[in-house]
Amino acid sequence: MPATLTSKRYKVDDAAGAIDLCFEKGWTDGLPVVPPTEPAVRAMLDAARLAPDAQIAYIRDRAMAVTAEKVAINAVMAGCKPEYMPVVVAAVEGIGDPRWGYHGPGTSTGGAAVLLIVNGSITRELDVNAGDNLFGPGWRANLTIGRALRLVMRNVCGSMPGLLDRGTVGHPGKLSYVIAENEAESPWTPLSVERGFRPEQSTVTVMAAEGPHQFYNQLSSTAEGILTTLADNMRVSGNVMGQPHYALVLAGEHMRTIAADGWDKKRIRQFVWENTQNSHAHLKRTNRMTGTIEPGDEQKMRPLVASPDDILVVAAGGRAGAFSCFIPGWSSAKSSAAITVEVRRGSPVEGRR
Amino acid sequence: MSMEILEPTTAAATQVIAYVPRPAALAGKRVALIENTKFNSDKLLGRIGDILKTEYGIADWKMYRKHNASVPAHQEIIEAIKTSADVVVAGIGD
Numbered sequence: 006m007p008a009t010l011t012s013k014r015y016k017v018d019d020a021a022g023a024i025d026l027c028f029e030k031g032w033t034d035g036l037p038v039v040p041p042t043e044p045a046v047r048a049m050l051d052a053a054r055l056a057p058d059a060q061i062a063y064i065r066d067r068a069m070a071v072t073a074e075k076v077a078i079n080a081v082m083a084g085c086k087p088e089y090m091p092v093v094v095a096a097v098e099g100i101g102d103p104r105w106g107y108h109g110p111g112t113s114t115g116g117a118a119v120l121l122i123v124n125g126s127i128t129r130e131l132d133v134n135a136g137d138n139l140f141g142p143g144w145r146a147n148l149t150i151g152r153a154l155r156l157v158m159r160n161v162c163g164s165m166p167g168l169l170d171r172g173t174v175g176h177p178g179k180l181s182y183v184i185a186e187n188e189a190e191s192p193w194t195p196l197s198v199e200r201g202f203r204p205e206q207s208t209v210t211v212m213a214a215e216g217p218h219q220f221y222n223q224l225s226s227t228a229e230g231i232l233t234t235l236a237d238n239m240r241v242s243g244n245v246m247g248q249p250h251y252a253l254v255l256a257g258e259h260m261r262t263i264a265a266d267g268w269d270k271k272r273i274r275q276f277v278w279e280n281t282q283n284s285h286a287h288l289k290r291t292n293r294m295t296g297t298i299e300p301g302d303e304q305k306m307r308p309l310v311a312s313p314d315d316i317l318v319v320a321a322g323g324r325a326g327a328f329s330c331f332i333p334g335w336s337s338a339k340s341s342a343a344i345t346v347e348v349r350r351g352s353p354v355e356g357r358r
Numbered sequence: 006m007s008m009e010i011l012e013p014t015t016a017a018a019t020q021v022i023a024y025v026p027r028p029a030a031l032a033g034k035r036v037a038l039i040e041n042t043k044f045n046s047d048k049l050l051g052r053i054g055d056i057l058k059t060e061y062g063i064a065d066w067k068m069y070r071k072h073n074a075s076v077p078a079h080q081e082i083i084e085a086i087k088t089s090a091d092v093v094v095a096g097i098g099d
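Protein chains in written order, with our numbering: chain A, 6 to 358; chain B, 6 to 99.
Because the hints were derived from the structure by calculation, they are not lab data.
Keep in mind that this is a model prediction, so the values were computed, not measured.
Errors might be hidden in some of the hints.
27 Å max Cα-Cα, derived DSSO-like pairs, lysine-lysine [said to hold, decoys possible]:
no.	chain 1	residue 1	chain 2	residue 2
1	B	LYS71	A	LYS339
2	A	LYS305	B	LYS43
3	B	LYS67	A	LYS339
4	A	LYS339	B	LYS43
5	B	LYS43	B	LYS58
6	A	LYS289	B	LYS67
7	B	LYS71	A	LYS289
8	B	LYS87	B	LYS58
9	B	LYS48	A	LYS339
Pair ranges (Cβ atoms, derived) [what the hints assert, rightly or not]:
no.	chain 1	residue 1	chain 2	residue 2	range
10	A	PRO37	B	VAL93	42 to 48 Å
11	B	PRO28	A	GLN275	55 to 61 Å
12	B	ARG27	A	GLY31	32 to 38 Å
13	A	ASP132	B	ALA17	56 to 62 Å
All residues carry an ideal CB built from backbone N, CA and C; glycine is no exception.
Take these sequences, add in the hints, and give me the full structure.
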C-alpha cells in the first residue's frame, strides 16, 4: 500500500483552471506551471525511490524540513520528467547543507541564484546541456531542474521575492541556472572528481552565484594569453572585496587552446588567482575599501578570491566562438561554500562533499 | 475534465518564543550590542550604546561581533549575554 500524500488538495475544473489557481495562490515563478496531480507526484517519488515523508533537507535558520513529497510536487510544477527527480533531490540536499548557509543566498540583497553544475553519466542519460547556448534556452533538463529547485526555495523555504528574498536587482539565473560539464570533450579532470567523487558517480554542485560574465579573446593561441584576458575582465567583478567562490566556464575554442598548452585545472586556478589581485589603493580610490590611501597601498594587494581552491573550473559551452565566462559567487566562500552532492536513488545518507 | 492538485508549500512550524518582559526603565541595565559585520554596524550600535548611557543611564554596553551577517549570533555570544546583559540591541540587514 503506497504511503499517503499528506499535502492539501485543491479541486479544479481542468488543467487551465489548475494553472490559474497556482498563479492566484502565488505558487509560481511568474511562468505557468504543470498541474501537480497525485499520479504525477507519485511518478516523481517512484523515480527517485523516495517515500513522501523522507526528509531531503532541514533548513536550520527557517526551522523547516523539506520533504520528498514537497520536492516532487514542485518538480512536477517545474515541468521535470520523473527521471530528473534524483538530480533535483541532490540539489535540494546541497542547499540544505549548513555550509551552503541557506539564509544568506536565500534572502540577501545581493540577489544570488543557485548555479547547479551536473557531472557524470546522468548528464548523458538526461540530456543535460553542456554545449551551445549553455546558459540559454532549449534544454528541458537544464531549465526544469533549475526551476524545480527555485520553486522549492520559494514555496517550501519561503524565499519569496520582496518578502524573505530581498534581492535588490537579482538576475535571470534565479529562474533556472543549470549546466553540465562537457566531460566527453574536456581534456581535464571533471569537477566532481576534483571535489572527491569517483568518475562513475554522478553529482550536482551548487554554488550561490551572480550572473555569468562573458569575456572575449580571439587573438591568443596560448593559455596565458586567454587567461590574461579572463583575469583582466574578472579582477574587478562581483563585490570585489568579499572573496567568494568563482566559477570559470571555459568553452570549446578556449578550452582546446588552454589544454593544448598543457595547462590543467590546477594551473588555471593558480594563474587566475595570482592575476586577479587589486591594490589597496585602487580599492580605496574606487570606494570598495574604507580608509584613506596610505603609503604602500599601491603595492599592498588583496586577492579577489581567498584561495585558488575556491575557483571552480568547468569545461562547458559551444565548440565554436571565442567566448567563455566567469561567474562571481555570493558574499564570501566562508559564508556560503559550494557543495557537491551525489545523485542517487533512495534515501539521502552520505555522498556529500 | 476535473482534477485535483497538491499544495506545493510548507507552512513554517509555529514556534512559541517566550520573551523576557521589557524592563520598566533602562537605568542601571547592562546592554549587549550585537553587530552583524556589515560596514558601520559597529559604529552605529556604538553610538546607540553611548546615547543609552548618556540619556538613559544604562550601566554600560558591550559589543559582540557575529561570524557573518547571514547567520544567527553564535553560541559563545548567547552564553556570554545570558549571564552579563539585561538588554540586547542587535543590528540586522545592510
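Hint by hint, here is what the structure shows:
1. Among the hinted pairs, B:LYS71 with A:LYS339 is consistent with the structure: their alpha-carbon atoms are about 13 Å apart, no more than 27 Å.
2. Distance restraint check for A:LYS305 and B:LYS43: the Cα-Cα separation of roughly 23 Å lies within the 27 Å cut-off, and the hinted pair is therefore satisfied.
3. About 26 Å separates the Cα atoms of B:LYS67 and A:LYS339, which keeps this hinted pair within 27 Å; it holds.
4. A hinted pair counts as satisfied when its Cα atoms are at most 27 Å apart, and A:LYS339 with B:LYS43 qualifies at roughly 15 Å.
5. For a cut-off of 27 Å, the pair hint linking B:LYS43 to B:LYS58 stands: about 24 Å separates their Cα positions.
6. Taking the CA atoms of A:LYS289 and B:LYS67, the gap is near 30 Å; set against the 27 Å cutoff, the hint is violated.
7. Distance hint between B:LYS71 and A:LYS289 is fulfilled; the C-alpha atoms sit about 25 Å from each other, no more than 27 Å.
8. Taking the CA atoms of B:LYS87 and B:LYS58, the gap is about 21 Å. The hint holds against a cut of 27 Å.
9. The hinted pair formed by B:LYS48 and A:LYS339 meets the criterion: a straight-line CA distance of about 24 Å does not exceed 27 Å.
10. A C-beta distance of roughly 46 Å is found between A:PRO37 and B:VAL93, which places it inside the suggested range of 42 to 48 Å.
11. The hinted window of 55 to 61 Å between B:PRO28 and A:GLN275 holds, with their beta carbons roughly 57 Å apart.
12. The supplied range of 32 to 38 Å is met by B:ARG27 and A:GLY31, whose beta-carbon atoms lie about 35 Å from each other.
13. For A:ASP132 paired with B:ALA17, a C-beta distance near 37 Å fails the hint of 56 to 62 Å.
Of the numbered hints stated above, those contradicted by the structure are hints 6 and 13, listed in ascending order.
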